[in-house]
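So the chains spell out like this:
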Amino acid sequence: MLLGKIVGTLVATRKEASLLGLKFLVVRCLTIDNEEDAGYVIAADAVGAGVGEVVLYATGSSARQTVRTDKRPCDAVIMAIVDTWEVDGLEKYRKN
Amino acid sequence: MLLGKIVGTLVATRKEASLLGLKFLVVRCLTIDNEEDAGYVIAADAVGAGVGEVVLYATGSSARQTVRTDKRPCDAVIMAIVDTWEVDGLEKYRKN
Amino acid sequence: MLLGKIVGTLVATRKEASLLGLKFLVVRCLTIDNEEDAGYVIAADAVGAGVGEVVLYATGSSARQTVRTDKRPCDAVIMAIVDTWEVDGLEKYRKN
Amino acid sequence: MLLGKIVGTLVATRKEASLLGLKFLVVRCLTIDNEEDAGYVIAADAVGAGVGEVVLYATGSSARQTVRTDKRPCDAVIMAIVDTWEVDGLEKYRKN
Amino acid sequence: MLLGKIVGTLVATRKEASLLGLKFLVVRCLTIDNEEDAGYVIAADAVGAGVGEVVLYATGSSARQTVRTDKRPCDAVIMAIVDTWEVDGLEKYRKN
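Protein chains in written order, with the working numbering: chain Z, 1 to 96; chain D, 1 to 96; chain V, 1 to 96; chain R, 1 to 96; chain Y, 1 to 96.
One should not assume that every hint holds.
Derived contacts from chain V toward chain D, CB cut-off under 7 Å, selection only [stated by the list, open to error]:
1. 9
2. 13
3. 18
4. 36
5. 47
6. 58
7. 60
8. 61
9. 77
10. 80
11. 84
12. 86
13. 87
14. 88
15. 96
Estimated spans, in silico, between C-beta atoms of each pair [claimed, not checked]:
16. 14/Y / 51/Z: 18 to 26 Å
17. 91/D / 91/R: 54 to 62 Å
18. 90/Y / 39/D: 25 to 33 Å
19. 17/Z / 35/V: 35 to 43 Å
20. 52/Z / 95/Y: 53 to 61 Å
21. 91/Z / 21/R: 35 to 43 Å
22. 84/Z / 13/Y: 28 to 36 Å
23. 84/V / 52/Y: 29 to 37 Å
20 Å max Cα-Cα, derived EDC-like pairs, lysine to aspartate or glutamate [claimed, not checked]:
24. 23/Z / 91/D
25. 71/Z / 53/Z
26. 5/V / 86/V
27. 23/V / 36/Y
28. 95/Z / 88/D
29. 95/R / 70/R
30. 71/D / 70/V
31. 5/Z / 86/D
32. 23/R / 86/Z
33. 23/Y / 70/R
34. 23/Z / 88/D
35. 5/Y / 33/R
36. 71/Z / 88/D
37. 71/Y / 70/V
38. 5/Z / 53/D
39. 23/D / 83/V
40. 23/R / 91/Z
These are computed hints drawn from the structure, not numbers from a lab. Every residue gets a Cβ at the ideal spot worked out from N, C-alpha and C, and that includes glycine.
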């Protein structure tokens, strides 16, 4: 899994029928030190996450192992909202 | 999923039999800010997309989770046509 | 899927038994503008392609969705021979 | 599989239900010569690994092939703790 | 599949139980012209390969399609030992 920050939403009304009801979020990738980089992913939301939250996302077939994404053409899913992580004993992020 | 713009079509008459009827589109990758980059992918079309449209595409095994691509040797599929997305409160694209 | 040009062949007599009979081709990756880049992949041939041909290849689990590669330890397959593709209205390649 | 060093832990209380009980570790990627690079992954722990240990991790669907990660939306797992490896006859790491 | 050269071995005694008996090899990635690059992978051995040999390896779910790696948390496997390959009519490698 990788770390990301939700920076926006995406709307797509014309889509594969099985995607109806899925919420698409724009996720900017974060480094291990909680800095934004140029990477991004559009991920389905499986946990009720919102803009501004720091999350974990999974990609590939693992992105279909949630109740909301099962058997759908979805290759990235937000499966956890991060409370905190640390690196070498230093706290890099804490949800307030 | 990632963002892309359909910039062309591809024709291949000699192919694995299971691919008959699939439409192949040339997709240029877009950044989170709606700029074209050097990346591309040839994706199967699952939603009736056309040249010039901005789309979402999925890769890997997730690309086979549509009615049109099920059990086919296809690793990229266009599964949604994008209406709009925003980043940090700014609209980056809107379909006209 | 991505575009590639078959530039050679590979021989491997000692291999997993399930790979017997598969033909391995050396594929140089092509850009969207039909230029060769430094990337390559060794792909199994599912369509009777030969050296010099421009092809589409699929990777990952999708590479096993052909009659010849089903259930084999193969992560790249040539599943189509390209006739032509165009980008922004310009033809980038045509098979002669 | 790739080599990594566990440099920290991650806490996420709000997550997909199937992830309950999984321990998330922050893993910094290592080069073949045992140097840390900028890459990282957040991996589930399948072997009781701890901060400071050098490990092997697997990604993609293979990350779900452990007792602890089966059928969960997890795309990276620590499946072995490394004792030692060598390159060109030189020992690059030995667990003390 | 990609080309690699086996440059060493890796020992891990504490690991997911299903990995018992698998041999882990350190593989340095090769370019299409048989030059070593900075990339590497730790791969399971499915064909009795040894240090110094040039091999083909497969990654992702395809790495589990061998008798030795079936249903194991393994995302890279050596599934063939290379005899020779050529590019643009030039032999780039021949096993002696």
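We went through each hint and held it up to the structure:
Annotation: interface hint on residue 9/V violated; nearest CB of chain D at approximately 19 Å, more than 7 Å. Annotation: residue 13/V was flagged as interfacial toward chain D, and the flag is violated, the nearest CB pair being 26 Å apart, outside 7 Å. The beta carbon of residue 18/V comes no nearer than 17 Å to any beta carbon in chain D, farther than 7 Å, and the hint placing it at the interface is violated. For the restraint placing residue 36/V at the interface with chain D, the shortest Cβ-Cβ distance is roughly 14 Å, beyond the 7 Å limit, so the hint is violated.
Contact between residue 47/V and chain D, as hinted, is supported at the beta carbon level, the nearest pair being about 6 Å apart and thus within 7 Å. At a threshold of 7 Å, the smallest CB-CB gap from residue 58/V to chain D is about 4 Å, leaving the interface hint in force. The beta carbon of residue 60/V is positioned within 7 Å of a beta carbon in chain D (closest approach about 5 Å), and the interface hint is therefore held. At about 5 Å, the closest approach between the beta carbon of residue 61/V and any beta carbon in chain D falls short of 7 Å, and the interface hint on this residue holds.
Interface restraint check for residue 77/V: the shortest CB-CB distance to chain D comes to about 6 Å, inside 7 Å, so the restraint holds. Given the 7 Å rule on beta carbons, the hint for residue 80/V holds: about 4 Å separates it from the nearest Cβ of chain D. Because the beta carbon of residue 84/V sits about 5 Å from the nearest beta carbon in chain D, less than 7 Å, this interface hint is met. Given hint, residue 86/V at the interface with chain D, holds; its Cβ is 4 Å from that chain's nearest Cβ, closer than 7 Å.
At about 4 Å, the closest approach between the beta carbon of residue 87/V and any beta carbon in chain D falls short of 7 Å, and the interface hint on this residue holds. Checking residue 88/V against chain D: minimum C-beta separation of about 5 Å stays under 7 Å; hint holds. Nearest Cβ of chain D to the Cβ of residue 96/V: about 14 Å, over the 7 Å cut. The hint is violated. For residue 14/Y and residue 51/Z, the Cβ-Cβ distance of about 42 Å falls outside the hinted range of 18 to 26 Å, so the restraint is violated.
For residue 91/D paired with residue 91/R, a C-beta distance near 56 Å keeps the hint of 54 to 62 Å intact. Taking the beta carbon of each, residue 90/Y and residue 39/D are about 30 Å apart, inside 25 to 33 Å as hinted. For residue 17/Z paired with residue 35/V, a C-beta distance near 39 Å keeps the hint of 35 to 43 Å intact. For residue 52/Z paired with residue 95/Y, a C-beta distance near 57 Å keeps the hint of 53 to 61 Å intact.
Separation of residue 91/Z from residue 21/R is about 23 Å and departs from the stated range, judged on CB atoms against 35 to 43 Å. Our hint of 28 to 36 Å for residue 84/Z and residue 13/Y holds, since their Cβ atoms are close to 33 Å apart. The hinted window of 29 to 37 Å between residue 84/V and residue 52/Y is violated, with their beta carbons roughly 45 Å apart. The suggested pairing of residue 23/Z with residue 91/D holds, with an alpha-carbon distance near 17 Å, which does not exceed 20 Å.
Between residue 71/Z and residue 53/Z the CA atoms are separated by roughly 26 Å; this puts the pair beyond 20 Å, and the hint is violated. Between the alpha carbons of residue 5/V and residue 86/V the distance comes to roughly 17 Å, so the proposed pair stays at or under 20 Å and holds. The hinted pair formed by residue 23/V and residue 36/Y fails the criterion: a straight-line CA distance of about 25 Å is larger than 20 Å. Proximity of residue 95/Z to residue 88/D is assessed by CA-CA distance (about 19 Å); at most 20 Å being required, the pair is judged to hold.
With a C-alpha separation of about 29 Å, the suggested pairing of residue 95/R with residue 70/R is violated against the 20 Å cut-off. A distance of roughly 11 Å separates the Cα atoms of residue 71/D and residue 70/V; the hinted pair therefore holds under the 20 Å criterion. Restraint check for residue 5/Z and residue 86/D: satisfied, since their Cα atoms lie roughly 14 Å apart, inside the 20 Å limit. A C-alpha spacing of about 14 Å is found between residue 23/R and residue 86/Z, which places the hinted pair at or below 20 Å, so the restraint holds.
Under the criterion of a C-alpha separation no larger than 20 Å, the hint pairing residue 23/Y with residue 70/R is inconsistent with the structure, at around 23 Å. At roughly 17 Å between alpha-carbon atoms, residue 23/Z and residue 88/D fall within 20 Å of each other, so this suggested pair holds. Only pairs whose Cα atoms come within 20 Å are accepted, and residue 5/Y paired with residue 33/R is accepted, the gap being roughly 15 Å. This hinted pair does not check out: residue 71/Z and residue 88/D have alpha carbons roughly 31 Å apart, beyond 20 Å.
For a cut-off of 20 Å, the pair hint linking residue 71/Y to residue 70/V stands: about 16 Å separates their Cα positions. For the hint linking residue 5/Z to residue 53/D, the alpha-carbon distance of about 27 Å lies beyond 20 Å, and the restraint is violated. For the given pair, residue 23/D sits about 14 Å from residue 83/V by alpha-carbon distance, which is consistent with the 20 Å threshold. Between residue 23/R and residue 91/Z the CA atoms are separated by roughly 17 Å; this keeps the pair inside 20 Å, and the hint holds.
The structure is inconsistent with the numbered hints 1, 2, 3, 4, 15, 16, 21, 23, 25, 27, 29, 33, 36, 38, although it conforms to all the rest.
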